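Student: Chains as they are written, first to last, in my numbering: chain P, 2 to 181; chain U, 13 to 410.
I should point out that these hints are in silico values taken from the structure, not numbers from a laboratory. Keep in mind the model is a prediction, meaning the values are calculated, not measured. Be aware that one or more of the hints could be misleading.
[Said to hold, decoys possible] Here are the simulated PhoX-like pairs of lysine-lysine, each with C-alpha atoms no more than 25 Å apart in a straight line:
| no. | chain 1 | residue 1 | chain 2 | residue 2 |
| --- | --- | --- | --- | --- |
| 1 | U | K110 | U | K309 |
| 2 | U | K47 | P | K70 |
| 3 | P | K147 | U | K47 |
| 4 | U | K271 | P | K70 |
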Amino acid sequence: MIEDELLKLRFKCGSSEALRRIYEKYLNSLLTLAMALLNDVNAAEDVVHDVFVSFAKSTGDFKLRGSLKSYLATCVINRARDRIRTNKRQPVRLAESDLMMSESNGPEESVIFNEETRRLNQAITKLPDEQREVIILRLNGQMKFKEIARLQGVSTNTIQGRYRYGLNKLRSILNGKVEE
Amino acid sequence: MRPTDNIEKAVKKLNFTASAKLHDRIWCDVRDAQKEQEKSKSALSEPNIRRTIMKSPIIKLAAAAVIIAVVLVGIHNFGGSIDPASVAWGNVISRVAKVDYVHFLFVADPQHHRSVHPYEGWYSHGKMVKYSWLGNTYYDDGQIDQSFDRNNTRTHKGLSEMKGRFFSWISKGLLAGDNEQFTQQMPASVGDDFLIYRFDPPEKDRKWIDSISITVGRNSLLPIQLKTYHKYDYETGEGIDDIEDGYTLLVFDYEAPEKPPEFFEPPTISEPPHGTGEIVLNGEEVMIDVSSSRDIKTMVMRLYSEDFLKKPPVKYKLQPKHFAEISFILKDGVRSITATDVALCVNHAGKIGMGDVNNWPDKKYRNISATLFIRPTEKENIYLVEVSCWLDTIRGND
Numbered sequence: 002m003i004e005d006e007l008l009k010l011r012f013k014c015g016s017s018e019a020l021r022r023i024y025e026k027y028l029n030s031l032l033t034l035a036m037a038l039l040n041d042v043n044a045a046e047d048v049v050h051d052v053f054v055s056f057a058k059s060t061g062d063f064k065l066r067g068s069l070k071s072y073l074a075t076c077v078i079n080r081a082r083d084r085i086r087t088n089k090r091q092p093v094r095l096a097e098s099d100l101m102m103s104e105s106n107g108p109e110e111s112v113i114f115n116e117e118t119r120r121l122n123q124a125i126t127k128l129p130d131e132q133r134e135v136i137i138l139r140l141n142g143q144m145k146f147k148e149i150a151r152l153q154g155v156s157t158n159t160i161q162g163r164y165r166y167g168l169n170k171l172r173s174i175l176n177g178k179v180e181e
Numbered sequence: 013m014r015p016t017d018n019i020e021k022a023v024k025k026l027n028f029t030a031s032a033k034l035h036d037r038i039w040c041d042v043r044d045a046q047k048e049q050e051k052s053k054s055a056l057s058e059p060n061i062r063r064t065i066m067k068s069p070i071i072k073l074a075a076a077a078v079i080i081a082v083v084l085v086g087i088h089n090f091g092g093s094i095d096p097a098s099v100a101w102g103n104v105i106s107r108v109a110k111v112d113y114v115h116f117l118f119v120a121d122p123q124h125h126r127s128v129h130p131y132e133g134w135y136s137h138g139k140m141v142k143y144s145w146l147g148n149t150y151y152d153d154g155q156i157d158q159s160f161d162r163n164n165t166r167t168h169k170g171l172s173e174m175k176g177r178f179f180s181w182i183s184k185g186l187l188a189g190d191n192e193q194f195t196q197q198m199p200a201s202v203g204d205d206f207l208i209y210r211f212d213p214p215e216k217d218r219k220w221i222d223s224i225s226i227t228v229g230r231n232s233l234l235p236i237q238l239k240t241y242h243k244y245d246y247e248t249g250e251g252i253d254d255i256e257d258g259y260t261l262l263v264f265d266y267e268a269p270e271k272p273p274e275f276f277e278p279p280t281i282s283e284p285p286h287g288t289g290e291i292v293l294n295g296e297e298v299m300i301d302v303s304s305s306r307d308i309k310t311m312v313m314r315l316y317s318e319d320f321l322k323k324p325p326v327k328y329k330l331q332p333k334h335f336a337e338i339s340f341i342l343k344d345g346v347r348s349i350t351a352t353d354v355a356l357c358v359n360h361a362g363k364i365g366m367g368d369v370n371n372w373p374d375k376k377y378r379n380i381s382a383t384l385f386i387r388p389t390e391k392e393n394i395y396l397v398e399v400s401c402w403l404d405t406i407r408g409n410d
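Kindly produce the complete structure, drawing on both the sequences and the hints.
Tutor: The structure is reproduced here in structure tokens:
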């Protein structure tokens, strides 16, 4: 929290080191978020690329009172929404050219983990947009229900409902295979 | 466990990592975008405000009205005649005495921000809570202070150092209500919105503090920032090793939303330790399975008595005291170096940290923080060890 406040300050003063730290810190989480929303490596890369480039251009004029993480996540969501709206793109198969799954310790484990992650990601993309956003932002982006409610322009109760319904639906899609 | 919990856990773990190629590709564009922005900003010339104003009679009148209003507001705020350069430090002390709530942040200068652990804290009506980036939480209710690690295990309990006098305590006495030594001191600098007071450190802190400057709001007369310049005597080795010559900053925020009273109450929940095992005093080393910890597989430990090590007798506050040799084996097989002479008191939580780059065979940065308990058993010289441990791989990110 304090680190982000300092990074915001230094970034505003034009520090490229601060920009680099922000980039390193949030690149993977934003990619994960974009992948969960779009399930398309190229589209996710484009969205994250555009978010960081326009963020870099805001040096000097940058004003942000809230959380940096939530701000960047919101930028990704808005761009992903635009992309879905414009291209009417249906979720497509995950290409692995440039993305690697994390937490893999060896080749065998990596394959197992890849499969699990791919299956889960595909299941998430089958959820309605609003439910998908809530689940990803809540669990992966660690955003509060209140923040997500503000982003989607609905009440916190609605968001909690979407979260609950989304999890139930996700469970049905996965047909209990994720559950132990 | 509810099935939903497993899905929640799985989604939480969902994580894509950019390959080095992708990472570099995006970074090049991002860096260029910032550079271009900097260039285009510096290329733009500053507009001549005076010329713009003087061109139009209406804007001229409006500008004159604004200047008069600003002057009147300034005069009003300082009682019509008070010169800000003559606001004595005593006025700040009396304003501070009325503050019941403040949010504060502690950081070090960029050169030392990795070695000095920052913290964030809240003070409210005589009670204080501090969060450190190492995951510890400190509670001080004005009578007792207590520390808890991130597992909610208490690692310290003692008499309050703050004793309900938060500002006095955090400013090393400079903001104490009865501090006559400094009350007549005038600001060293006066800005548009702030006053800066500079102090020599109190006698007891002179070995490691060079000077202290406090920035105060010109209207509120409340401290906004306390900057401490540290020093390190390389001949005598006196000072703070980690910071040597540098500064730390305490930033005060009086507008943060107030935390509820329960926020200042210490925790009561305690999760089970990551590993337990029996160990014989002055016996063989034992391996304790800590695989319920996220990244660490085993703790290797040996326990010695003071006599066994033939250490000179020292009077400790907590008795009896033993010493341990400790190392950790990570889940990826990497083993840390062995920490020796780790002092542990029976029935009292001990906290150890083992980190940086030199303590690992591959010279990668890692930091292990662990809480250890040793408890006596019915058998003589056999102790029960309880350990919780965590691994961090990013500096200052815990």
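Student: Next step is simple, just say for each hint if it's right about the structure.
Tutor: Here is what the structure says about each hint:
1. A threshold of 25 Å between alpha carbons decides the hint, and for K110 of chain U with K309 of chain U the separation of about 52 Å lies outside it, so the pair is violated.
2. Restraint check for K47 of chain U and K70 of chain P: the C-alpha separation of about 23 Å stays at or below 25 Å, so the hint holds.
3. Under the criterion of a C-alpha separation no larger than 25 Å, the hint pairing K147 of chain P with K47 of chain U is inconsistent with the structure, at around 36 Å.
4. Pair hint K271 of chain U plus K70 of chain P holds up; C-alpha atoms about 22 Å apart against a cutoff of 25 Å.
Checked against the numbered hints above, the structure violates hints 1, 3; every other hint is satisfied.
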